[in-house]
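For reference, the chains in residue letters:
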Amino acid sequence: MQNSRREFLRTASLTTLGLALGTKVVFADNLPDGMSLIGLPGKDPGMVILNDRPPNAETPAHMLDDALTPNDRFFVRCNGLPPENANPATWTLTIGGEAVRNEKTYTLQELKTRFPVVSYDLTLECGGNGRSEFNPPAKGNQWSTGAVSCARWTGVRLKDVLNDAGLTSAAVYVGYYGKDTHLSGDPDKVVISRGVPIRKALEEESLIAWEMNGAPLPMLNGYPLRLVFGGFPASCSGKWLDKIVVRDRVHDGPKMTGQSYRVPCKPVPPGRVVPDDEMCIIEEMPVKSLITFPKTGATIAAGKTLPIRGKAWTAAAAITKMEFSIDFGASWQACKLENAANRYAWQLFSARVDFPQSGYYEVWARATDAGGNSQPMLLPGWNPRGYLNNACHRIAVKVADQ
Amino acid sequence: MRPAYDTLRAMLTTINFVAGVLFCCLFWLLAGDAVTEMLRPRPVMEQKAYRPGTGGGGEPEEKVTNGIHDATGLIFAEGFEAVRGNCTACHSAKLITQNRATAAGWTEIIRWMQATQNLHDLGENEEIIVKYLATNYAPEDVGRRAGLDVESIEWYLLELE
Numbered sequence: 001m002q003n004s005r006r007e008f009l010r011t012a013s014l015t016t017l018g019l020a021l022g023t024k025v026v027f028a029d030n031l032p033d034g035m036s037l038i039g040l041p042g043k044d045p046g047m048v049i050l051n052d053r054p055p056n057a058e059t060p061a062h063m064l065d066d067a068l069t070p071n072d073r074f075f076v077r078c079n080g081l082p083p084e085n086a087n088p089a090t091w092t093l094t095i096g097g098e099a100v101r102n103e104k105t106y107t108l109q110e111l112k113t114r115f116p117v118v119s120y121d122l123t124l125e126c127g128g129n130g131r132s133e134f135n136p137p138a139k140g141n142q143w144s145t146g147a148v149s150c151a152r153w154t155g156v157r158l159k160d161v162l163n164d165a166g167l168t169s170a171a172v173y174v175g176y177y178g179k180d181t182h183l184s185g186d187p188d189k190v191v192i193s194r195g196v197p198i199r200k201a202l203e204e205e206s207l208i209a210w211e212m213n214g215a216p217l218p219m220l221n222g223y224p225l226r227l228v229f230g231g232f233p234a235s236c237s238g239k240w241l242d243k244i245v246v247r248d249r250v251h252d253g254p255k256m257t258g259q260s261y262r263v264p265c266k267p268v269p270p271g272r273v274v275p276d277d278e279m280c281i282i283e284e285m286p287v288k289s290l291i292t293f294p295k296t297g298a299t300i301a302a303g304k305t306l307p308i309r310g311k312a313w314t315a316a317a318a319i320t321k322m323e324f325s326i327d328f329g330a331s332w333q334a335c336k337l338e339n340a341a342n343r344y345a346w347q348l349f350s351a352r353v354d355f356p357q358s359g360y361y362e363v364w365a366r367a368t369d370a371g372g373n374s375q376p377m378l379l380p381g382w383n384p385r386g387y388l389n390n391a392c393h394r395i396a397v398k399v400a401d402q
Numbered sequence: 403m404r405p406a407y408d409t410l411r412a413m414l415t416t417i418n419f420v421a422g423v424l425f426c427c428l429f430w431l432l433a434g435d436a437v438t439e440m441l442r443p444r445p446v447m448e449q450k451a452y453r454p455g456t457g458g459g460g461e462p463e464e465k466v467t468n469g470i471h472d473a474t475g476l477i478f479a480e481g482f483e484a485v486r487g488n489c490t491a492c493h494s495a496k497l498i499t500q501n502r503a504t505a506a507g508w509t510e511i512i513r514w515m516q517a518t519q520n521l522h523d524l525g526e527n528e529e530i531i532v533k534y535l536a537t538n539y540a541p542e543d544v545g546r547r548a549g550l551d552v553e554s555i556e557w558y559l560l561e562l563e
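In the order they appear, the protein sequences are chains A and B.
Residue numbers for the first sequence, in the numbering used here: 1 to 402.
Residue numbers for the second sequence, in the numbering used here: 403 to 563.
Bound conformation, chain A alone (with noise of 0.2 Å):
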């Protein structure tokens, strides 16, 4: 009784704020007691906040149901607090490094006229994206399935501008530098200065970019310019992006160093405290996938089909099988997978489900990509640092007595 009575108010002070903002709060039932109703700005009230200092929140699975992630879905991780008053009329990128023959700055304004500008679109997903689930468990933000969206990128590709920079012989790997500013206030520290190996700098999708499906990117996505490299952790594609180094060594900027983003160089088994030069540097990312459809929950008449769909993507050439289980994995049916719109763009899959009787069901879901890897139902290997949890996504349904 009394409880309904809070519900109405609730209802009906959601309304309320409906009205005033001249549209439905959407996904307010997600919104735990007490939480701001505002939200990451630029971002769905749906997003599940981890952390607002520095903000972090990612988007839940069924969430993810569009073919490109809508901006306002588009998971957000920041190590340190956004710059403000970010102004695209006055930004530049400085390329710099060893292994560079002239440093080189560009306005925006040379990148957009003076190189090809292309468009691709690249799944990004945080390496520690699935660390909730880690036992003993990690430190750091507790993702659970969210850490991962994929957009239409139009920039241009950071080859471009290297070879117009001029790459040396002595080129290893290339680190950004971003202006984001470090959590303690301290203006000369450094937040995150991460990279990639320079084979993977020069590949044809990796880019310079300033637009997201179409419009600028979010403040919180890097506005107004960042690198995106699909494949790899999206730590590596930094964002309000200021400076890149080539660098003649493995880049040792803030976060490549020590245990960050780097799992064991052998496996270890759950718990051990692994010294800093026996951990690795996480390159590519592995196979996984999502239901997005249905959402988790849902319970549905005897006798019905249960259409479902999902996105699976990797850092390897393709997903090439998609499945799905009804029973714990003791059998496995094969869903419809869709091509690629290009390399390190997630794959759309749809199947539908009969179900043998009514009662508690779990549609567990499996990617197998080009390489031949698969996801493991159970947790895979244990890491100090929590990253690279690629296990079977599954979702809750009901079927209904007749």
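Computed from the model, here is a short list of chain A residues facing chain B with C-beta under 7 Å:
1. 51
2. 294
3. 379
Chain A stretches covered by chain B per the calculated footprint, using a threshold of three residues with CB under 8 Å from any CB of chain B:
4. 137-148
5. 299-306
6. 390-397
Since the hints were derived computationally from the structure, they do not count as laboratory data.
Only a predicted model underlies this, so the values are computations on that prediction, with no experimental measurement involved.
Built from N, CA and C at the ideal position, the CB exists for glycine as well.
Assemble the complex: chain A is given as a structure, and chain B must be docked to it using the hints.
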């Protein structure tokens, strides 16, 4: 003359009564929580046994509900002030409340922040902070993979063709 007057009086009584009931309903709808709250016997300990310094007061940012400090979301227990004072200057308390670790694990996280993130020497507060974290945010053993949390699933009806 007199019967008509009686009818009018009866009507007025009815209208008054209905208005009164409506008013009561509206009042209950809007302020029922507060009334129920007032009538309910005060629990002896609204918070955990812990209550120095902050936490019990009237300031909204100092309110504690069911042992949780409202403004930060931190468990209100011994060591709370030290954790709030030292940890939430740089990052939000959510970075604490979403993590789980042993005393050794929390100490390692502090060392990492001191080595790379400009965290100061915590002095005698370190022991208090680590004890608070290891006590209130300790790991649970979930095996190789936890099952879906069936209790927390929000079931809904999905209409199909």
